[in-house]
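Trainee: Protein chains in written order, with the working numbering: chain A, 1 to 336; chain B, 1 to 336.
Heads up, none of these hints are tricks.
Each computed EDC-like pair below joins lysine to aspartate or glutamate, with the alpha-carbon atoms no more than 16 Å apart:
no. : chain 1 : residue 1 : chain 2 : residue 2
1   : B       : Lys335    : B       : Asp318
2   : B       : Lys112    : B       : Asp85
3   : A       : Lys260    : B       : Glu232
4   : A       : Lys260    : A       : Glu232
5   : B       : Lys260    : A       : Glu232
6   : B       : Lys213    : B       : Asp193
To give a feel for the contact side, a few chain A residues facing chain B, derived at Cβ under 8 Å:
no. : residue
7   : Gly248
8   : Ile268
9   : Gly277
These are computed hints drawn from the structure, not numbers from a lab. Quantities reported herein were computed from a predicted structural model and do not represent experimental measurements. Every residue gets a Cβ at the ideal spot worked out from N, C-alpha and C, and that includes glycine.
There are 2 protein chains.
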Amino acid sequence: MTDQMRRITLARRPVGQPVPEDFALQTGPVPDPGEGEVLIAVSHHSLDPYMRGRMDDAGSYAASVNLGETMVGQGVGTVLTSRADGLAAGDSVTGMTGWASHAVLKGGDLRKLDPSVPVTTALGVLGMPGFTAWRALSEYGRPKPGETLAIAAATGPVGAMVGQLAKAQGLRTVAVAGGAEKCALATEKFGFDAAIDHRAYDSASDLRKALSKACPDGIDIYWENTGGKVLEAVMPLMNTGGRIPLCGTIAWYGGGTSDKLPHIWRAILTKRLNVNGFIIFDHWHALPDFLAEITPKVAAGEITYLEDITDGLENAPDTFIAMLKGGNTGKTIIKV
Amino acid sequence: MTDQMRRITLARRPVGQPVPEDFALQTGPVPDPGEGEVLIAVSHHSLDPYMRGRMDDAGSYAASVNLGETMVGQGVGTVLTSRADGLAAGDSVTGMTGWASHAVLKGGDLRKLDPSVPVTTALGVLGMPGFTAWRALSEYGRPKPGETLAIAAATGPVGAMVGQLAKAQGLRTVAVAGGAEKCALATEKFGFDAAIDHRAYDSASDLRKALSKACPDGIDIYWENTGGKVLEAVMPLMNTGGRIPLCGTIAWYGGGTSDKLPHIWRAILTKRLNVNGFIIFDHWHALPDFLAEITPKVAAGEITYLEDITDGLENAPDTFIAMLKGGNTGKTIIKV
Numbered sequence: 001m002t003d004q005m006r007r008i009t010l011a012r013r014p015v016g017q018p019v020p021e022d023f024a025l026q027t028g029p030v031p032d033p034g035e036g037e038v039l040i041a042v043s044h045h046s047l048d049p050y051m052r053g054r055m056d057d058a059g060s061y062a063a064s065v066n067l068g069e070t071m072v073g074q075g076v077g078t079v080l081t082s083r084a085d086g087l088a089a090g091d092s093v094t095g096m097t098g099w100a101s102h103a104v105l106k107g108g109d110l111r112k113l114d115p116s117v118p119v120t121t122a123l124g125v126l127g128m129p130g131f132t133a134w135r136a137l138s139e140y141g142r143p144k145p146g147e148t149l150a151i152a153a154a155t156g157p158v159g160a161m162v163g164q165l166a167k168a169q170g171l172r173t174v175a176v177a178g179g180a181e182k183c184a185l186a187t188e189k190f191g192f193d194a195a196i197d198h199r200a201y202d203s204a205s206d207l208r209k210a211l212s213k214a215c216p217d218g219i220d221i222y223w224e225n226t227g228g229k230v231l232e233a234v235m236p237l238m239n240t241g242g243r244i245p246l247c248g249t250i251a252w253y254g255g256g257t258s259d260k261l262p263h264i265w266r267a268i269l270t271k272r273l274n275v276n277g278f279i280i281f282d283h284w285h286a287l288p289d290f291l292a293e294i295t296p297k298v299a300a301g302e303i304t305y306l307e308d309i310t311d312g313l314e315n316a317p318d319t320f321i322a323m324l325k326g327g328n329t330g331k332t333i334i335k336v
Numbered sequence: 001m002t003d004q005m006r007r008i009t010l011a012r013r014p015v016g017q018p019v020p021e022d023f024a025l026q027t028g029p030v031p032d033p034g035e036g037e038v039l040i041a042v043s044h045h046s047l048d049p050y051m052r053g054r055m056d057d058a059g060s061y062a063a064s065v066n067l068g069e070t071m072v073g074q075g076v077g078t079v080l081t082s083r084a085d086g087l088a089a090g091d092s093v094t095g096m097t098g099w100a101s102h103a104v105l106k107g108g109d110l111r112k113l114d115p116s117v118p119v120t121t122a123l124g125v126l127g128m129p130g131f132t133a134w135r136a137l138s139e140y141g142r143p144k145p146g147e148t149l150a151i152a153a154a155t156g157p158v159g160a161m162v163g164q165l166a167k168a169q170g171l172r173t174v175a176v177a178g179g180a181e182k183c184a185l186a187t188e189k190f191g192f193d194a195a196i197d198h199r200a201y202d203s204a205s206d207l208r209k210a211l212s213k214a215c216p217d218g219i220d221i222y223w224e225n226t227g228g229k230v231l232e233a234v235m236p237l238m239n240t241g242g243r244i245p246l247c248g249t250i251a252w253y254g255g256g257t258s259d260k261l262p263h264i265w266r267a268i269l270t271k272r273l274n275v276n277g278f279i280i281f282d283h284w285h286a287l288p289d290f291l292a293e294i295t296p297k298v299a300a301g302e303i304t305y306l307e308d309i310t311d312g313l314e315n316a317p318d319t320f321i322a323m324l325k326g327g328n329t330g331k332t333i334i335k336v
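Isolated chain A, as found in the complex (with noise of 0.2 Å):
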């Protein structure tokens, strides 16, 4: 432990892809807590495609990062002072940390975590990304036996739950991922029946073609966090009466664009489809039947899943940026 605490800040506001300069790393004094909250030494931060939206000035689905704040995020670490009922020092906890070493936050808005499985899971498998597609598969996918579902960034710590969570209902599934090795783990490591590597396929027609073979009876559900070519891809080839999450439209976050609205937006109609956009954040209240159900399948090892640890706070911008461009390969997590 040093006295002194360390943070990554939001330097200015990003155009398109963020750049190194658009953070920096801050030193200041450890804070103390105050009467209910609590000081926790962060051993590890979860970075994830959602905060690429905070950096932006509006617009987004939540609260902007003012330019000079730390970073927002999910963390987990351990307590150091508690003035705080229930917590104690020593206590493995999870919060809104921050890209930080140290935060202060309330009691309330901590959660001990559960001693049969690693820390870290509860930025990943057992954290927003595991609780994002348990959540969103069943309210909005509304899966059934037989059905195909796709899924960009299949290997992506979401992808890989909704792949495995719609497998063991009886789906068909199919990762779109980036290159051969992350369609290798798709397939072997996450159970995926087919994967299709977008970077093969130049056009989101030859792409299309490739994702037809895959999936036979067509799509049903389209987990679309994505955008791009493999929306425009996935479109022609979705089901009557198909379901379509909308959790991310990564590809677009840098801009771009596409010129096959009329399209796209025509076969909502034609095809019957339920589009729904889904932020984790209104859900908090069914993360208690979530944990009860998935933790101990975590725990057993009936769900697997993959962490990208990088060590250093200090690598926490760079990792990220890399993260926003298909870099990683599973949960992206910083040691601090």
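Use these hints to put chain B onto chain A, whose structure you have.
Mentor: Coordinates of chain B only, in the frame set by chain A:
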């Protein structure tokens, strides 16, 4: 009654907007009904935007009309000869007669008309457009008192019904229509709280400013039947948790595009919107409930409607083409 049957057939598939040469008027003998069938003298038939989709080869939500076949559509008329149980010569009926002077249909595919309302209401306010409005507003719009609903083509037969039903449920209703005359109709005849003339605004952003003033609390339900500029104008004004029943994209039937897909698609995510493609043909099971609820209100004058009746089957193509360009006011009907 003539001893010749006249019908309008699909002569060729349109490229973009239909032109008169895409249709042909054909004359031939009046067909005889088989066992279980009925011969009808058609008095009026309906013209609806969905028919444009049927003229394409594929990709629409229902079977295409084959080249040389009668254009599809609902009609009303009088039974001339019945070989079906429960129907007798002289009965007023409605069914999928097509654009024709006569039709032979199975008895089970016909419905007797309610004598308390004019026969033409079966094509509009009590037909597919009214039923579409009633069904999709409750199923996919899910209106709540105090909310705001916006709709384009607001004086059309669907729009006028949506507006009246929503208003009766305590919503603020905002019409988008083409021209001062239709705007006056929207507020004065159909009771919309405000009406915006989209022709007065060249750009989506100017149209958005006008809409924003008319919708001070944002838009909770956007009834999507047009696509194009109105969609681009509306999307940033949608409230979190808003609903978009998607019933048509008429602005794009004849080509055209938008470069705003990333923004529109992303707004579904950030605003947690629910977009539902909707085809009324999936919902006929609910028709009896609709007729039971709405027929007395139409008979009592509590729900108002407007019909735009053109004389002569031979004028159906030109009338249809004009309707697709927004040239109609009220339910477009051909008096055969």
